[in-house]
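First to last, the protein sequences are chains A and B. Take 2 as the starting number for the first sequence in my numbering and just add one per residue. Take 259 as the starting number for the second sequence in my numbering and just add one per residue.
By construction, these hints were calculated from the structure, which means they are not laboratory data. Since this is a predicted model, take the numbers as computed values, not measurements. The reader is advised that the hints may include incorrect statements.
To be verified - Reference excerpt, derived from the structure (chain B facing chain A, CB under 8 angstroms, subset only):
1. Y289
2. L301
3. F348
4. F364
5. G367
Even for Gly, the Cβ is constructed at its ideal location relative to N, Cα and C.
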Amino acid sequence: KNQVEQSPQSLIILEGKNCTLQCNYTVSPFSNLRWYKQDTGRGPVSLTIMTFSENTKSNGRYTATLDADTKQSSLHITASQLSDSASYICVVRPLDDYKLSFGAGTTVTVRA
Amino acid sequence: DAGITQSPRYKITETGRQVTLMCHQTWSHSYMFWYRQDLGHGLRLIYYSAAADITDKGEVPDGYVVSRSKTENFPLTLESATRSQTSVYFCASSDQGIGVHQPQHFGDGTRLSIL
Chain A
2 KNQVEQSPQS LIILEGKNCT LQCNYTVSPF SNLRWYKQDT GRGPVSLTIM
52 TFSENTKSNG RYTATLDADT KQSSLHITAS QLSDSASYIC VVRPLDDYKL
102 SFGAGTTVTV RA
Chain B
259 DAGITQSPRY KITETGRQVT LMCHQTWSHS YMFWYRQDLG HGLRLIYYSA
309 AADITDKGEV PDGYVVSRSK TENFPLTLES ATRSQTSVYF CASSDQGIGV
359 HQPQHFGDGT RLSIL
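Please model the entire structure based on the sequences and the hints provided.
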């Protein structure tokens, strides 16, 4: 069973609007949780990283939150742009291993 | 900066053939990884390497072979390709160790189709 579940699978938003992506995980204990952005035809690129003790981390218009008690994370995109169209992948690293657990990703489509 | 490069970007081959996917990184990262990405699945680890001449199996290693004679190269070979190995393959590298929060840096993938 996948230890990282993401929702929704896909979403479509209008340019300038906000959206929130969800990530639930069962990996425990964990070292860090990272969100990656994957453009079509490209490899994933790290957006944010959060450790166990962090609740919020921002990177420009991207804000990630982490609730370690409920094992949930979210990625909020503010004032979306066409360039935000991509797949966003939640990745959890266990505390005592360097093998990562990947979510299946949420595909975001921003329309003008 | 070249970073991590994969070749070829696209490959079509037939079942039963041997095919090798190349991965080269310029950072001298100790760790390198091979993943496959299929629709509806998260990236799945095939093999990884902690250093030159040290490799180990990941989650889905069957049908694949790796080697790492030099730190910068980590080729992946499908010894006898099957249709179920049609996928997008990603190579990644990292300077991570246990407890280190370095990201994995991914190449742009090889899209492999097996007919």
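So, going through the hints one by one against the coordinates:
Proximity of B:Y289 to chain A holds as hinted, the smallest CB-CB distance being about 7 angstroms (cut-off 8 angstroms). Annotation: interface hint on B:L301 holds; nearest CB of chain A at approximately 4 angstroms, less than 8 angstroms. Of the supplied interface hints, the one on B:F348 holds, with its beta-carbon coming within about 6 angstroms of a beta-carbon of chain A, less than 8 angstroms. The restraint placing B:F364 at the interface with chain A holds, with a minimum CB-CB distance near 3 angstroms, inside the 8 angstroms limit.
Using the Cβ-Cβ criterion of 8 angstroms, the hint placing B:G367 at the interface with chain A is satisfied: the shortest such distance is roughly 6 angstroms.
Going through the hint list in order, the structure satisfies each hint without exception.
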